Amino acid sequence: MGKLARDGGYDAIVVGSGISGGWAAKELTEKGLSVLLLERGKPITHGIDYIGEHQPPWERANMGLRPRDLYDSEYPIQSTSYAFDETTRHFWNNDAENPYDFREDKPFHWLRTDVVGGRSLLWARQSYRWSDLDFEANQREGIAIDWPIRYRDIAPWYSYVERFVGVSGDVQGLPELPDGEFQKPMEMNVVEKHVAKKISNAFPGRKMFIGRVATLTEPLHGRAPCHYCGPCHRGCSGGSYFSSLSSTLPAAESTGNLSLMANSLVESLEYDAASQKVTGVRTIDTKTKEKNVYRSRLVFLCASTIGSTQILLNSFADGEDRSFANDSDALGRYMMDHTYKAGARGIIPGFEEYYPYGYRPNGIYIPRFRNLSGDEGLGFSRGYGYQGGAGRIGWGERLKKPGFGADFKRELRIPGPWYMSLGGFGEILPYAENTMRLHPKKQDRFGIPQVTFKFEFGENERRHRKDLVEQGVKMLEAAGASQIQSYNDEMIGGAAIHEMGTARMGRDPRESVVNEYNQVHAAENVFVTDGACMTSASCVNPSLTYMALTARAADYAVKRLQAGDI
Amino acid sequence: MNRREILKLLSISLGASLTPSIEAAALSFKPKANKLEGSWTHDQREITHICAELIMPQTETPSALQVGVGDFIDFVVNSWFTKEERKKFLRGLDEINRLSRKKYENVFLSLSEAERIELLNQIEANGSENRPSRKDKLAYSSFLKLKELTVVGYYTSEIGLRAERAYVPMPGKYDGFFRFDQVGKQWAS
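Here the protein sequences line up with chains A and B, keeping their order.
Count along the first sequence starting at 1, add 13, and that's the number in the numbering used here.
Count along the second sequence starting at 1, add 3, and that's the number in the numbering used here.
No wet-lab data here; the hints were simulated from the structure.
Hints are not guaranteed to be accurate.
[What the hints assert, rightly or not] Capping the alpha-carbon separation at 30 Å, the derived lysine-lysine pairs in DSBU-like fashion look like this:
hint: 1; chain 1: B; residue 1: K140; chain 2: A; residue 2: K413
hint: 2; chain 1: A; residue 1: K413; chain 2: B; residue 2: K90
hint: 3; chain 1: B; residue 1: K91; chain 2: A; residue 2: K413
hint: 4; chain 1: B; residue 1: K138; chain 2: A; residue 2: K413
hint: 5; chain 1: B; residue 1: K176; chain 2: A; residue 2: K220
hint: 6; chain 1: A; residue 1: K55; chain 2: A; residue 2: K44
hint: 7; chain 1: B; residue 1: K188; chain 2: B; residue 2: K148
hint: 8; chain 1: B; residue 1: K140; chain 2: A; residue 2: K414
hint: 9; chain 1: A; residue 1: K414; chain 2: B; residue 2: K148
hint: 10; chain 1: A; residue 1: K211; chain 2: B; residue 2: K176
hint: 11; chain 1: A; residue 1: K206; chain 2: B; residue 2: K148
hint: 12; chain 1: A; residue 1: K197; chain 2: B; residue 2: K176
hint: 13; chain 1: A; residue 1: K572; chain 2: B; residue 2: K176
hint: 14; chain 1: A; residue 1: K414; chain 2: B; residue 2: K86
hint: 15; chain 1: B; residue 1: K106; chain 2: A; residue 2: K413
hint: 16; chain 1: A; residue 1: K354; chain 2: B; residue 2: K148
hint: 17; chain 1: B; residue 1: K106; chain 2: A; residue 2: K414
hint: 18; chain 1: A; residue 1: K413; chain 2: B; residue 2: K188
hint: 19; chain 1: A; residue 1: K119; chain 2: A; residue 2: K467
hint: 20; chain 1: B; residue 1: K140; chain 2: A; residue 2: K210
hint: 21; chain 1: A; residue 1: K413; chain 2: B; residue 2: K86
hint: 22; chain 1: B; residue 1: K176; chain 2: A; residue 2: K414
hint: 23; chain 1: A; residue 1: K55; chain 2: A; residue 2: K211
hint: 24; chain 1: A; residue 1: K206; chain 2: B; residue 2: K176
[As the list claims (entries may be wrong)] What follows is a set of in silico ranges between Cβ atoms, one per label pair, in the way DEER data are often shown:
hint: 25; chain 1: A; residue 1: F459; chain 2: B; residue 2: R101; range: 54 to 62 Å
hint: 26; chain 1: A; residue 1: G60; chain 2: B; residue 2: K86; range: 52 to 60 Å
hint: 27; chain 1: B; residue 1: K91; chain 2: A; residue 2: F459; range: 37 to 45 Å
hint: 28; chain 1: B; residue 1: R137; chain 2: A; residue 2: A237; range: 55 to 63 Å
hint: 29; chain 1: B; residue 1: K188; chain 2: A; residue 2: K354; range: 54 to 62 Å
hint: 30; chain 1: A; residue 1: E389; chain 2: B; residue 2: A128; range: 28 to 36 Å
hint: 31; chain 1: A; residue 1: A237; chain 2: B; residue 2: V110; range: 32 to 40 Å
hint: 32; chain 1: B; residue 1: R182; chain 2: A; residue 2: A237; range: 22 to 30 Å
hint: 33; chain 1: B; residue 1: E88; chain 2: A; residue 2: T58; range: 37 to 45 Å
hint: 34; chain 1: B; residue 1: K86; chain 2: A; residue 2: I406; range: 30 to 38 Å
[Said to hold, decoys possible] According to the in silico footprint, chain A covers these stretches of chain B (three or more CB under 8 Å from chain A):
hint: 35; segment: 93-107
hint: 36; segment: 166-179
Fair warning: this is a prediction, and the values are worked out from it, not measured in the lab.
Built from N, CA and C at the ideal position, the CB exists for glycine as well.
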């Protein structure tokens, strides 16, 4: 345990140990603050608890097959993720134990972990900077409210976190997708390079390049470069991909200023209306149900978009029945995600003498090319980017054809043809009607009101998805693909696991929850630095931005604390 | 077949190159009893094992049953299939038997190997036609499922995976221009 502040409390309490909370803990402890880090999930140890890491197929539980009854009864939501199986189940939330509410005809998927390190263990690690195309979008289009910050405010903090995270990628010089402080890029394979050339020839202005990924290609702070074993989400004891467990938490612990308490669910904040400050953090021990109040001068809410807003919604001043942080009525509104599960794939003929070596934990990226210099009259605003890659189809292809016996067995050794896939991630606009609320009656096993979601996609999302599917097909055609299949699956809120908004950032306390430094308007000693603060969604993966905003907010908070302003 | 016999077969088929871990895996290979008595008949189970052996026979590498695919099929049918999946699968096996009696006036288990292969080829041909009859489809879908279970079971067994695939759990690098003839098999990790 780290040291206690002299008055018996802590300098700061950080709620949540995921990608944002890890950064808050690191920055605040390195600046000399005593920090209590509260995590509702189970304690796990880097390396030790990665039980699926490098596990050979023949040692897999249940003969490698999904225990479907268990998944259906206890993990119906979590098991929809590609990263959920018996090698990772111990990281995930149990849906049966931790229910939430949504309308049956409008499903919302809340994918969440239940361990120290949070979703930083399981994230897909794609790391892209926002640009002013994103920060200015709301203002330019008169949608929702303007961001109070611009790229120049966050750019140095992107650099700051990238240098510690370790992002591999290559420099492209695109204003709409600023370059970062990159380690050397991973490589595109032979077919990806072919497709990239065909796309830029056929569509001037469109580029396809290797993904920017928080996976090391060079050693960094004692973490090893990637050894290309493949399934990062099982955990990496070499720390090759960035997670709280591999990176920020060890840094915070090494200061001697960190106290980490797992199994500690935050119920609400204790708010003093007179001083307009939060005076305590109310917790419930998830094992014993024992309740406690912890005190600190600063509170950083990094419990995830939904988790942080749930805490704020459940926190009232004495005698009030409404959140202290919701004078604006924006709290719980303007929920966003990215559109997901739409795109195209096809067969790329030829190249059959090539068969990539190694399991690269990264794919390609095609950055947004729509509406870059204003409304292009496409019938939708903003845009989308593609992620995907090329590879050879496995033995499933041979299995489908008739034949068995010695020849069949031998033919199974030969990989199928090359495929190329392009999957879109599109920007969802911030709608006031897309909400998370506390359910008036339903409670969880700790007596905390359950979250209830109301989430719908708008016409803008349907239109950009139609366009991204069409353009995906066209680019594959230009690349010479055959048997092109497009897909545009059911749209489910939360499914991209990029949920954002619900405690948005803005200049005016009458229409936003936090200010330009993620400081809650109604409580100057509380900062919300995870996805809840997002005022719009961009179409790029958001985690890098949460990290940069968290480091920036921590810097600001400590300066204000030292100046005696908080 | 007991595990000593399997080991003997393996040392023939793989030369004398049994690594200690393969040997350990082979020694720890314990054919389990049919756990859910009554969920399928002895004959139905026997059909699946015989088909597995025809789907991936012994070549320069071991056969399906030698690497433990029988155990895998037993597990899937007994413990993993839903009731409906099992019912449909077993009806398909019964249909294979019915087709056998129709063609050879003999049950599948009494056919010669050549007859079995001929019948299964016919089932695949009829089943993959444009509009197969309901019964042809039933037999075909169970045989297709058996092919899948055989391949999955083979590729998830240590011996089978090491024999038929290039098991490289720690590649150490990525090479997007690697040439297939340098490995000649599909990767596995």
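Each hint, compared with the structure:
Distance restraint check for K140(B) and K413(A): the Cα-Cα separation of roughly 14 Å lies within the 30 Å cut-off, and the hinted pair is therefore satisfied. For a cut-off of 30 Å, the pair hint linking K413(A) to K90(B) stands: about 23 Å separates their Cα positions. Straight-line distance between C-alpha atoms of K91(B) and K413(A) comes to about 20 Å, which keeps the hinted pair within the 30 Å bound. Taking the CA atoms of K138(B) and K413(A), the gap is near 19 Å; set against the 30 Å cutoff, the hint holds.
About 25 Å separates the Cα atoms of K176(B) and K220(A), which keeps this hinted pair within 30 Å; it holds. Restraint check for K55(A) and K44(A): satisfied, since their Cα atoms lie roughly 27 Å apart, inside the 30 Å limit. Of the pairs offered as hints, the one joining K188(B) and K148(B) holds, with about 23 Å between alpha carbons and a cut-off of 30 Å not exceeded. Using a Cα cut-off of 30 Å, the hinted pair K140(B) and K414(A) holds, with the two alpha carbons roughly 15 Å apart.
The hinted pair formed by K414(A) and K148(B) meets the criterion: a straight-line CA distance of about 13 Å does not exceed 30 Å. Using a Cα cut-off of 30 Å, the hinted pair K211(A) and K176(B) holds, with the two alpha carbons roughly 27 Å apart. Under the criterion of a C-alpha separation no larger than 30 Å, the hint pairing K206(A) with K148(B) is inconsistent with the structure, at around 37 Å. Of the supplied pair hints, the one linking K197(A) and K176(B) holds, its CA atoms being roughly 13 Å apart against a limit of 30 Å.
Simply put, K572(A) and K176(B) have alpha-carbon atoms about 44 Å apart, too far for the 30 Å limit, and the pair is violated. Under the criterion of a C-alpha separation no larger than 30 Å, the hint pairing K414(A) with K86(B) is consistent with the structure, at around 28 Å. Taken as a hint, the K106(B) and K413(A) pair is honoured in the structure, with Cα atoms around 26 Å apart against an allowance of 30 Å. Proposed proximity of K354(A) and K148(B) is supported: the alpha carbons are some 28 Å apart, at most 30 Å.
In summary, the hint linking K106(B) to K414(A) is supported, as the alpha carbons are separated by about 24 Å, within the 30 Å threshold. Restraint check for K413(A) and K188(B): satisfied, since their Cα atoms lie roughly 19 Å apart, inside the 30 Å limit. Only pairs whose Cα atoms come within 30 Å are accepted, and K119(A) paired with K467(A) is accepted, the gap being roughly 7 Å. As the CA atoms of K140(B) and K210(A) are separated by approximately 45 Å, the hinted pair breaks the 30 Å bound.
Taking the CA atoms of K413(A) and K86(B), the gap is about 25 Å. The hint holds against a cut of 30 Å. Note on K176(B) and K414(A): the hinted pairing is violated, with a Cα-Cα distance of about 34 Å set against a maximum of 30 Å. Of the supplied pair hints, the one linking K55(A) and K211(A) is violated, its CA atoms being roughly 49 Å apart against a limit of 30 Å. At most 30 Å may separate the alpha-carbon atoms for a hinted pair to count; K206(A) and K176(B) meet this at roughly 18 Å.
Between F459(A) and R101(B) the Cβ separation comes to about 59 Å, which falls inside the hinted range of 54 to 62 Å. Range check, G60(A) to K86(B): about 42 Å between beta-carbon atoms, so the 52 to 60 Å window is missed. Here the CB-CB span from K91(B) to F459(A) is close to 44 Å, well matched to the stated 37 to 45 Å. Separated by about 57 Å at the C-beta atoms, R137(B) and A237(A) satisfy the suggested range of 55 to 63 Å.
Roughly 33 Å separates the CB atoms of K188(B) and K354(A), a value that falls outside the hinted 54 to 62 Å. Evaluation of the 28 to 36 Å hint for E389(A) and A128(B) yields a failure: the beta carbon distance comes to about 54 Å. Our hint of 32 to 40 Å for A237(A) and V110(B) is violated, since their Cβ atoms are close to 59 Å apart. A beta carbon spacing of about 28 Å between R182(B) and A237(A) agrees with the range 22 to 30 Å that was offered as a hint.
Against the hinted window of 37 to 45 Å, the Cβ-Cβ separation of E88(B) and T58(A) comes to about 39 Å, which satisfies the hint. Taken as a hint, the range 30 to 38 Å holds for the pair K86(B) and I406(A), whose Cβ atoms sit roughly 33 Å apart. With a threshold of 8 Å between beta carbons, the proposed coverage of the segment 93-107 of chain B by chain A is violated, since 0 of its residues qualify and at least three are required. For the segment 166-179 of chain B, the proposed coverage by chain A is satisfied: 12 residues have a C-beta within less than 8 Å of a C-beta in that chain, meeting the threshold of three.
Checked against the numbered hints given earlier, this structure breaks hints 11, 13, 20, 22, 23, 26, 29, 30, 31, 35; the rest are met.
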